[in-house]
Amino acid sequence: GESVGLHLPTLSVQEGDNSIINCAYSNSASDYFIWYKQESGKGPQFIIDIRSNMDKRQGQRVTVLLNKTVKHLSLQIAATQPGDSAVYFCAENRSSGGSNYKLTFGKGTLLTVNP
Amino acid sequence: AAGVIQSPRHLIKEKRETATLKCYPIPRHDTVYWYQQGPGQDPQFLISFYEKMQSDKGSIPDRFSAQQFSDYHSELNMSSLELGDSALYFCASSVGPPGNSPLHFGNGTRLTVT
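Taken in order, these protein sequences are the chains called A and B. Just so it is clear: in the first sequence, position 94 is 94 by our numbering, and no numbers are missing. In short: position in the second sequence from 1, add 1000, done, that's our numbering.
These are computed hints drawn from the structure, not numbers from a lab. Please read all numbers here as calculations on a predicted model, not as lab measurements. Mixed in with the good hints there might be a few duds.
Once the Cα atoms are required to be at most 30 Å apart in a straight line, the calculated DSBU-like pairs of lysine-lysine come out as [to be verified]:
id, chain 1, residue 1, chain 2, residue 2
1, B, 1015, B, 1057
2, A, 107, B, 1057
3, A, 71, B, 1057
4, B, 1057, A, 42
5, B, 1052, A, 42
6, B, 1022, A, 107
Now the in silico label distances, taken between C-beta atoms and shown as ranges [as the list claims (entries may be wrong)]:
id, chain 1, residue 1, chain 2, residue 2, range
7, A, 68, B, 1067, 22 to 30 Å
8, A, 52, B, 1039, 43 to 51 Å
9, A, 26, B, 1062, 42 to 50 Å
Residues on chain A that point at chain B, a partial pick, calculated with CB under 8 Å [what the hints assert, rightly or not]:
id, residue
10, 43
11, 46
12, 49
13, 51
14, 52
15, 93
16, 101
17, 103
18, 105
19, 106
20, 108
The C-beta atom is built at its ideal place from N, Cα and C for all residues, glycine as well.
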């Protein structure tokens, strides 16, 4: 079946380095994507979103890139800090029929920032 | 800023018992979603409500039911609990019909079935 998934399950970086977390999706009809950060014992926290009519969006220290040609999404974190250590999920807002949509999560990537 | 409130934070039940999880969305959010997350797993969509009507259904067992009330809070009712129901249950809320805006999650209810 169609799914959203991540290339790398774990990523370890040095403090101050830039991090890139990748995500592949297979439903070309999906038009809205969200990145979430989840710390231990907490709910997913919204980071940034992007619609399919854009290929790049920037936030504070984060950038999301969308390549619809190869159905690829990435999250770039600049100057990674220890507080960025968490599991990161990409999520795809996919139509489930008619006007119904549901947010489908990919497999998470554990980001570890070494001081 | 106000966030999604879930209660209880932790719940321990025995097999075949029932459980009720509550969710209070962010003020003025009219859409509520329920997700289940097993250890080391991604959140799995269960069910959603928009303006107090069920808008979509995912992998929710028939033993579970949910509703959204007039004040927009939602409850997830779980009956005949099984060991496999042990998980984190997250509620999320958003503005408008599903698909229009990002979901904001609560910190979940950890259900343990013994």
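Taking the hints in turn, this is what the structure says about them:
no., hint, verdict
1, B/1015 / B/1057, "25 Å, holds"
2, A/107 / B/1057, "21 Å, holds"
3, A/71 / B/1057, "26 Å, holds"
4, B/1057 / A/42, "24 Å, holds"
5, B/1052 / A/42, "26 Å, holds"
6, B/1022 / A/107, "27 Å, holds"
7, A/68 / B/1067: 22 to 30 Å, "38 Å, violated"
8, A/52 / B/1039: 43 to 51 Å, "33 Å, violated"
9, A/26 / B/1062: 42 to 50 Å, "29 Å, violated"
10, 43, "3 Å, holds"
11, 46, "5 Å, holds"
12, 49, "5 Å, holds"
13, 51, "10 Å, violated"
14, 52, "12 Å, violated"
15, 93, "5 Å, holds"
16, 101, "3 Å, holds"
17, 103, "6 Å, holds"
18, 105, "4 Å, holds"
19, 106, "6 Å, holds"
20, 108, "6 Å, holds"
In the structure shown, a violation is registered for the earlier hints numbered 7, 8, 9, 13 and 14, in ascending order.
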